[in-house]
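Spelled out from the first residue to the last, the chains are:
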Amino acid sequence: MERLSDHARISTRARLVAVAIAAGGMLAAASQVCAADEVTQERLLNVGEEPGNWLHHHQNYSAHRFSTLKEINRDNVKNLKVAWTMHLGGVEGGGIWSHGGLEGTPIAENGFLYVTDGWGSVYKIDAHGGRGVLVWKMDPKTDRDWAGAVACCGVDNRGVALWGDLVISHTLDGRLIATNKETGQVAWQRTVADPDKSEVITGAPLIVKNMAITGVAGAEYGIRGWIAATDLTTQKEVWRTYTIPGKGEAGSETWKDSNNAAASGGGSTWVTGSYDPATDTIIWGVGNPGPDWDSAYRPGDNLYTDSSLALDATTGKIKWHYQHTPNDPYDYDSVAENVLVDIPGPSGPRKLALEANRNGFAYAIDRTTGKFVWGVPFVKKVTWTKGLDPETGKPIEYDPNKPVQTYIASVTPSRTNMESDICPGNMGGKNWPPTAYNPDLKLWYVPVIESCNRVKVEVMTPEKLKPREFWTGGGTSQPFKITGSVTAIDVTTGKIAQKMETPFPNLGGMLATPDLVFTGQPSGEVMALDAKSLQKLWEFNTGGGVNAPPMTFTVDGKQYIAILVGLGGAWDKWFIDSTRELKKIQPGSMLYVFAL
Amino acid sequence: MMAFNASPAATSILLVSVVALNLSMSGLAYGQAAQAAVSDPTNAGKAVFSRANCMGCHKWHGDGGGGYGGDALSLRKTELTKEQIIETVACGRPGTGMPFFVRGAYDTISCYDMTRQDVGERMPPEGGTFLRPNDIAAVADYVIAHVKGAGEPTYAQCTTFFGNTSRVCDIYKAGAESSSKTGTEGSK
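Chains Z and U are the protein sequences, given in the same order.
Residue 228 in the numbering used here sits at position 231 of the first sequence, with consecutive numbering throughout.
Whatever position you read off the second sequence (first residue = 1), add 2 for the numbering used here.
Next comes chain Z alone, as it looks inside the complex:
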């Protein structure tokens, strides 16, 4: 732990108090200062009451990433300028990785930002006074070689959560850490995932009712995925729900092999989920089955891989599941966030869970029943299926009586089609970069990877399964140029409302405000688009690679846009050949903050 500028922190608090006093009758400002020290379930449930703060990884429990702040709007966004920047660390390599990157979403509370770098260091930054001052840095001293050797897709950490007077974070080497918000001292830590089993953690924690919910990565290394809840008072595990059923449990019949494939069947959960307080339900995406591309090794639908899972938040019990790509031969995982929206329906409000999938389709599921409502392709090119069954949402070619699904067989990786080109490519579609939802316009903004790539299958046998070694059943190559888009979907109709194409895949994600959306490109640009037309209204080139989503907050009554910049993740190791111009992008680690 490093303790920096203690003096600055104290003087800032003094100034805060002074500001509050000066504000006199401005009760809102005063109450914000009073609330500074404790994050409670009440506050997490009612983030709309403190629009200047960004308390959840996905902005609210419904994962909207929508801010009502509108000081920056379509009329003046052209005047947006860099307010300040801050260099962070964590670019060092480890394991199979030559450098780290930034994929995190900053958390903002009362003028302080909390951000992470790829190795899980947490930085508290004082954003008062129009500049950023580092208050403290908590370096968890992640065991880089241990974790980095089994991180499929980069040295990543997507951010923190706040609870009480604690900052809650994860490390790649499997820890959940609680850090004192004022001092930066580690209050306690707990091992949740085990890199000896190739389990690593990249996602931000979700805080629900005094529990930290943790997801795991490692489906490319033969893990059996889970979602775990830790009590933040007792520091003990409350529940751990495996995403692949144990022998005899419901769903285990969807693993029909004699290889014991389920035990190493994947089903990662490395993107933070959402929470519906009305039904006390956590909705969380589940990743691909393993081995990724040798689907004949694991005949059956392979539940609950490639599914959205609804869990009872109190017990972790599965309430419903919806599977998108049964017996997935493509690595089309469903790990993405579910966005919870209510739209008018013929018989009252429809309560939906939206998910934009790696397989190129966006889905709306009834989040009460888990039933399919609508699905729509959001990429320009889909070759693996003719489309979704309008009743079930399953791919039209899906045959429940078939142990190994072939979909459109001529373009599907299999033991008889050892090399094939798939669209979308295995990165998607839509990967982890988060969507945003504008509840006024009912528009849902998807950060899209418009792609195809080539898959070569390796036939797997149980003898090939080794601890801490890749379990992919093949590999990809990138003979095709990959581009991107921002695609807006009208949630009331399930139709594409608008598409703004970009030269590079969207590897960062979205932020929505009343009349704008913000996003970035891995070639360095941060941009603001009109919320309806997606016309570009403002752009700034950071000179780095944008691999993280923007967010917004206020301090001293002024609105800021913040985004982490530092290309890392899977792209520049495994997929760079599809975007050759990005080879010149240097590793970096920088926070950019913009204001009018």
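Simulated from the structure, these hints should not be mistaken for lab results.
Each statement offered as a hint is correct.
To be clear about the criterion: a stretch of chain Z counts as covered by chain U if any three or more of its residues have a C-beta under 8 Å from a C-beta of chain U, and this derived list gives those stretches:
| id | stretch |
| --- | --- |
| 1 | 82 to 95 |
| 2 | 140 to 150 |
| 3 | 464 to 473 |
| 4 | 568 to 576 |
To give an idea of the chain U side of the interface with chain Z (calculated C-beta under 7 Å), a few residues:
| id | residue |
| --- | --- |
| 5 | 68 |
| 6 | 73 |
| 7 | 164 |
| 8 | 169 |
| 9 | 173 |
For glycine and all other residues, C-beta sits at the position ideal for the given N, C-alpha and C.
Fit chain U to the known structure of chain Z by using the hints.
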């Protein structure tokens, strides 16, 4: 003009059964501070193995294997001679992700009797660092002495590579699999 084309016949064998693999192009690999017996004459080559990020694809143990972007060849099972390894490191492997590590390869340095123009689209990527001939000979010596034909990775080999500062080697301890645990309540 320096030449790395030791044997054209061997070259054609080299190009068989290779899956394209994208390499991260930059920087040093962590873990290069590994400590080993000072007396081992191949320590310099081990340092190169880390510094040039060979482990990014071939892994610390050199066995390569599957990756998200395809396979890296196993240096444990390789049948390449020292000269062929030197040539491969210097010139990379055309049409694959194996980078070249010598400055001027295919330009001022002859590789497989091919110029940059000859190799065309099959031009291998450029390594994240360039190596001097002595470095390349040293890493080849290291691979021949400690990796080629070494069988399954062992705990001793792992700690020789990394030292004892990381838990990366724990799974190679006898019985490590049965003792690994998840979800225990202990704090680290």
